[in-house]
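Engineer: Following my numbering, the numbering of the sequence shown begins with 1 at its first residue and continues without gaps.
It is worth saying that the hints were derived from the structure and are not from the lab. For every residue, glycine included, the Cβ atom is placed at its ideal position computed from N, Cα and C. One or more of the hints may lead you astray.
[As the list claims (entries may be wrong)] Per label pair, the in silico range of CB-to-CB distance:
no. : residue 1 : residue 2 : range
1   : R50       : E10       : 36 to 42 Å
2   : P74       : F42       : 22 to 28 Å
3   : L45       : E8        : 17 to 23 Å
4   : G4        : R50       : 42 to 48 Å
5   : A65       : G4        : 21 to 27 Å
6   : P66       : W46       : 39 to 45 Å
7   : V43       : T64       : 16 to 22 Å
8   : V9        : W46       : 30 to 36 Å
9   : A77       : Q53       : 16 to 22 Å
10  : R50       : A15       : 31 to 37 Å
11  : K5        : F42       : 39 to 45 Å
12  : A62       : D40       : 19 to 25 Å
13  : E14       : D41       : 15 to 21 Å
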Amino acid sequence: LWQGKRLEVELFIEASHVERLSSESPVRSLQSGSGGPAGDDFVKLWALNRDNQWRVRQEIIAATAPWLNGMPVPKLALLLTLIGGAPIGKFIEDGGIGGANREQ
Numbered sequence: 001l002w003q004g005k006r007l008e009v010e011l012f013i014e015a016s017h018v019e020r021l022s023s024e025s026p027v028r029s030l031q032s033g034s035g036g037p038a039g040d041d042f043v044k045l046w047a048l049n050r051d052n053q054w055r056v057r058q059e060i061i062a063a064t065a066p067w068l069n070g071m072p073v074p075k076l077a078l079l080l081t082l083i084g085g086a087p088i089g090k091f092i093e094d095g096g097i098g099g100a101n102r103e104q
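Work out the full structure: start from the sequences and follow the hints.
Structural biologist: Right under this line is the structure:
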């Protein structure tokens, strides 16, 4: 039915809360500093590519979510949602926006 035809797709992701389902997540082990095989690979990747970090970042973004082919901004947003940022508790402890509790 759709063979030979080009489909147009619009993707919209909105989230008010994102939470990992597994405490065995490789991302969590990197954040806690326990390292492990995934942590070693991460350290090696950046050590070997210290001179061209932008290229490596572009490769990571390109390798993420193949269904978002040709859309680097949504891919970056997905990566930052999954692995980036600080826990909300830390944000509140620091005084939120403006950092009222931050040391001057």
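Engineer: Just tell me: holds or violated, for the beta carbon distance of L45 and E8 against 17 to 23 Å?
Structural biologist: violated (36 Å)
Engineer: Can the suggested window of 22 to 28 Å be confirmed for the beta-carbon pair P74 and F42?
Structural biologist: holds (23 Å)
Engineer: For the pair R50 and E10, does the Cβ-Cβ distance stay inside 36 to 42 Å?
Structural biologist: holds (39 Å)
Engineer: If I claimed the Cβ atoms of A65 and G4 lie 21 to 27 Å apart, would that claim hold in this structure?
Structural biologist: holds (26 Å)
Engineer: Between G4 and R50, is the Cβ distance one that fits in 42 to 48 Å?
Structural biologist: Cβ of G4 to Cβ of R50: about 47 Å, so the range 42 to 48 Å holds.
Engineer: Given a hint of 16 to 22 Å, does the C-beta separation of A77 and Q53 actually sit inside it?
Structural biologist: holds (20 Å)
Engineer: Could one say that the CB atoms of P66 and W46 fall in the range 39 to 45 Å?
Structural biologist: violated (23 Å)
Engineer: 39 to 45 Å was suggested as the range; check whether the CB atoms of K5 and F42 agree with it.
Structural biologist: This hint holds: roughly 42 Å between Cβ atoms.
Engineer: Within 15 to 21 Å: is that where the Cβ-Cβ distance between E14 and D41 falls?
Structural biologist: violated (32 Å)
Engineer: Determine whether the Cβ-Cβ distance between R50 and A15 falls within the hinted range of 31 to 37 Å.
Structural biologist: holds (33 Å)
Engineer: Taking the Cβ atom of V9 and the Cβ atom of W46, is their distance within the range 30 to 36 Å?
Structural biologist: This hint holds: roughly 34 Å between Cβ atoms.
Engineer: Between V43 and T64, is the Cβ distance one that fits in 16 to 22 Å?
Structural biologist: Check passed, 20 Å falls within 16 to 22 Å.
Violated hints, listed in ascending order, are 3, 6, 13; each of the other numbered hints is respected by the structure.
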